[in-house]
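**Student:** Chain residues, written in single-letter form:
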Amino acid sequence: MRAPDSVEPGLIIPGRSNGLLDVPRWRFLLSLLVKKELRVRYRGSALGLLWSYVKPGVQLIVYYIAMGKFLGLERGIPNFVIYLFSGMVIVNFFGEVFGNTTKSIVVNADLVKKIYLPRELFPVASVWVAFIHLVPQLVVLIIAALISGWRPGLVNIAAILGALILTVLFALGLGLMFGAFNVLFRDAENFVELILMMAAWVSPVLYTWSHVASVLPDSLDWVYKLYPITQAVELNHVGFWIPTSAVQERYPDSTGPLIDALPMWAGAAFVISVLWLVVGQAVFRRLESRFAQEL
Amino acid sequence: MTRAIVVDQVVKQFTLRHTWSIKEYVVWNLTGRGGELKDTFLALDDVSLTVEQGESVGLLGRNGSGKSTLLKLISGVLRPDRGQVGVRGRVAGLIEVGAGFHPDLTGRENIYLNGSILGMTERDITARLDEIIAFSEIEGRFIDSEVKFYSSGMFLRLAFSVAAHSHPDVFLIDEILAVGDEPFQHKCLERIAELRKEGQTLVIVTHDLNLVSQVAERGIVLAGGKTVFDGPIEGAVGRLRGEG
Numbered sequence: 001m002r003a004p005d006s007v008e009p010g011l012i013i014p015g016r017s018n019g020l021l022d023v024p025r026w027r028f029l030l031s032l033l034v035k036k037e038l039r040v041r042y043r044g045s046a047l048g049l050l051w052s053y054v055k056p057g058v059q060l061i062v063y064y065i066a067m068g069k070f071l072g073l074e075r076g077i078p079n080f081v082i083y084l085f086s087g088m089v090i091v092n093f094f095g096e097v098f099g100n101t102t103k104s105i106v107v108n109a110d111l112v113k114k115i116y117l118p119r120e121l122f123p124v125a126s127v128w129v130a131f132i133h134l135v136p137q138l139v140v141l142i143i144a145a146l147i148s149g150w151r152p153g154l155v156n157i158a159a160i161l162g163a164l165i166l167t168v169l170f171a172l173g174l175g176l177m178f179g180a181f182n183v184l185f186r187d188a189e190n191f192v193e194l195i196l197m198m199a200a201w202v203s204p205v206l207y208t209w210s211h212v213a214s215v216l217p218d219s220l221d222w223v224y225k226l227y228p229i230t231q232a233v234e235l236n237h238v239g240f241w242i243p244t245s246a247v248q249e250r251y252p253d254s255t256g257p258l259i260d261a262l263p264m265w266a267g268a269a270f271v272i273s274v275l276w277l278v279v280g281q282a283v284f285r286r287l288e289s290r291f292a293q294e295l
Numbered sequence: 296m297t298r299a300i301v302v303d304q305v306v307k308q309f310t311l312r313h314t315w316s317i318k319e320y321v322v323w324n325l326t327g328r329g330g331e332l333k334d335t336f337l338a339l340d341d342v343s344l345t346v347e348q349g350e351s352v353g354l355l356g357r358n359g360s361g362k363s364t365l366l367k368l369i370s371g372v373l374r375p376d377r378g379q380v381g382v383r384g385r386v387a388g389l390i391e392v393g394a395g396f397h398p399d400l401t402g403r404e405n406i407y408l409n410g411s412i413l414g415m416t417e418r419d420i421t422a423r424l425d426e427i428i429a430f431s432e433i434e435g436r437f438i439d440s441e442v443k444f445y446s447s448g449m450f451l452r453l454a455f456s457v458a459a460h461s462h463p464d465v466f467l468i469d470e471i472l473a474v475g476d477e478p479f480q481h482k483c484l485e486r487i488a489e490l491r492k493e494g495q496t497l498v499i500v501t502h503d504l505n506l507v508s509q510v511a512e513r514g515i516v517l518a519g520g521k522t523v524f525d526g527p528i529e530g531a532v533g534r535l536r537g538e539g
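Protein chains in written order, with my numbering: chain D, 1 to 295; chain U, 296 to 539.
Hints listed in this document are in silico derivations from the structure and should not be mistaken for laboratory results.
C-beta: ideal position from N, C-alpha, C; glycine also.
Mixed in with the good hints there might be a few duds.
[Claimed, not checked] Computed beta-carbon distance windows for the label pairs:
| id | chain 1 | residue 1 | chain 2 | residue 2 | range |
| --- | --- | --- | --- | --- | --- |
| 1 | D | V202 | U | F309 | 23 to 31 Å |
| 2 | U | R418 | D | V274 | 41 to 49 Å |
| 3 | U | D476 | D | A109 | 29 to 37 Å |
| 4 | D | F131 | U | E489 | 38 to 46 Å |
[As the list claims (entries may be wrong)] Computed cross-link-like contacts, DSSO-like style, restricted to lysine-lysine with a CA-CA straight-line distance of at most 30 Å:
| id | chain 1 | residue 1 | chain 2 | residue 2 |
| --- | --- | --- | --- | --- |
| 5 | U | K482 | D | K103 |
| 6 | U | K318 | D | K113 |
| 7 | U | K492 | U | K443 |
| 8 | U | K318 | D | K103 |
| 9 | U | K492 | D | K35 |
| 10 | U | K492 | D | K114 |
| 11 | U | K443 | D | K113 |
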């Protein structure tokens with residue numbers, strides 16, 4: 001086989017792209033794909049996007065009553081419902097990005113088989129759709145936080161942004177990898193569902209890091225701390241839960257039951273997520289040439 | 296002359312997979328590995344050709360001769376197992392009518408979606424929007440209703456119209472010339488003739504021999520994944536007719 005550049009100058013090799021780096025050039029198509037996706041999701045629905053506000057709102061009230069009051073979790077963790085919801089928002093976002101990106105190539109099989117486009121467009125479109133669904137949850141969370149006396153500083157806002165970026169990087173890296181596997185074996189979808197079910201429980205969403213620290217052997221606690229979603233959840237706690245009044249009263253000079261040395265661990269998790277994304281993209285590119293014939 | 300498409304000693308093999316599940320794989324191992332686990336099929340076997348800029352070429356052959364595979368290799372949807380494909384500029388066209396259309400979007404929205412899938416910019420599409428709608432002969436009140444309410448003829452006309460106005464450097468057409476009713480078909484042919492005059496490079500795959508002799512000047516006949524004829528379209532058509 002000859003070297004790829006032996007084709008005469010001026011000719012390009014069809015079907016080759018720079019992967020994610022090409023996506024910005026296609027942003028108009030990307031915006032149309034996102035719009036299409038949203039349209040399809042809300043077709044035939046009278047309330048449309050409003051449902052995205054109603055569901056998390058009701059969910060939050062139910063948690064407040066059932067877990068905060070009845071189960072009495074509020075006694076251990078002040079403003080428990082804010083603690084819970086700020087973590088849950090991240091886990092939901094992770095689930096939606098990871099789940100949708102995994103399915104994105106198979107769902108768009110018609111296009112992938114017939115017309116050449118940088119295939120990364122489909123997973124990236126899924127990320128935007130997931131982000132649009134995150135907004136209503138964030139709005140509900142912000143309202144609840146404000147009621148609880150939320151007074152964020154710059155650090156807290158930065159923590160929220162960090163949490164979201166960390167989640168997207170990690171989920172997209174995983175999604176590219178599993179999205180490509182899913183073309184070859186549809187088992188990947190089921191496997192991802194299993195992972196997502198676990199994801200909700202292995203991050204400190206329903207409990208605090210101190211609960212984990214007391215059980216997990218010291219030799220293993222770095223594994224838990226390096227898991228990017230743990231760090232994203234903790235960053236979101238810093239963003240939404242820490243600067244509420246009841247928490248400030250209880251832990252005036254510390255981050256309370258959150259992971260200690262958070263900036264360092266979050267930084268490490270960030271590096272891991274970026275590496276994941278590079279690995280995910282590499283796997284995706286390797287398998288990409290087989291997409292059209294395997295679908 | 297500059298070359299628009301270069302296909303150099305291309306081999307494309309498909310794997311027809313027999314086993315899909317782990318259970319089948321284990322059973323196959325335990326039963327002494329009887330039979331082949333995979334079956335392969337050679338769709339293109341050492342095909343070479345070049346197309347000059349401004350040429351219009353008809354790709355002919357019986358079903359399963361590798362025409363569509365070759366077209367997909369040129370568009371980049373598939374990649375060759377061996378050999379090389381090179382193209383100059385943007386390749387687009389109608390590989391299959393309606394790919395890139397969504398039934399829940401309106402006609403107008405679909406023009407934008409499909410146009411940008413074919414590589415047009417937002418500005419291109421907006422500039423040619425009226426032309427595209429006029430060519431498709433879809434009435435004003437339908438263009439803003441969802442495509443799922445369209446008749447199949449309307450749908451095909453809109454799809455052809457978008458592609459015919461997308462101005463790629465290499466225009467590929469796969470089996471779509473039988474679009475719509477007779478008058479519209481005639482209009483499609485006129486549009487293709489127009490594109491030819493403008494110096495558009497065309498590659499057309501079709502079974503309709505009468506039609507292809509009107510729109511192409513050169514014909515390439517594939518059989519069993521090999522090129523068996525490459526020359527004037529009359530010769531290619533004659534060869535296929537001769538074979539029956």
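**Student:** A separate judgement is required for each hint: does it hold in the structure or not?
**Tutor:** For each hint, the structure was consulted:
no.	hint	verdict
1	D:V202 x U:F309: 23 to 31 Å	violated, 42 Å
2	U:R418 x D:V274: 41 to 49 Å	violated, 35 Å
3	U:D476 x D:A109: 29 to 37 Å	holds, 31 Å
4	D:F131 x U:E489: 38 to 46 Å	holds, 44 Å
5	U:K482 x D:K103	violated, 40 Å
6	U:K318 x D:K113	holds, 29 Å
7	U:K492 x U:K443	violated, 35 Å
8	U:K318 x D:K103	holds, 24 Å
9	U:K492 x D:K35	violated, 38 Å
10	U:K492 x D:K114	holds, 27 Å
11	U:K443 x D:K113	holds, 22 Å
Hint check: violations occur at hints 1, 2, 5, 7 and 9; the rest are consistent with the structure.
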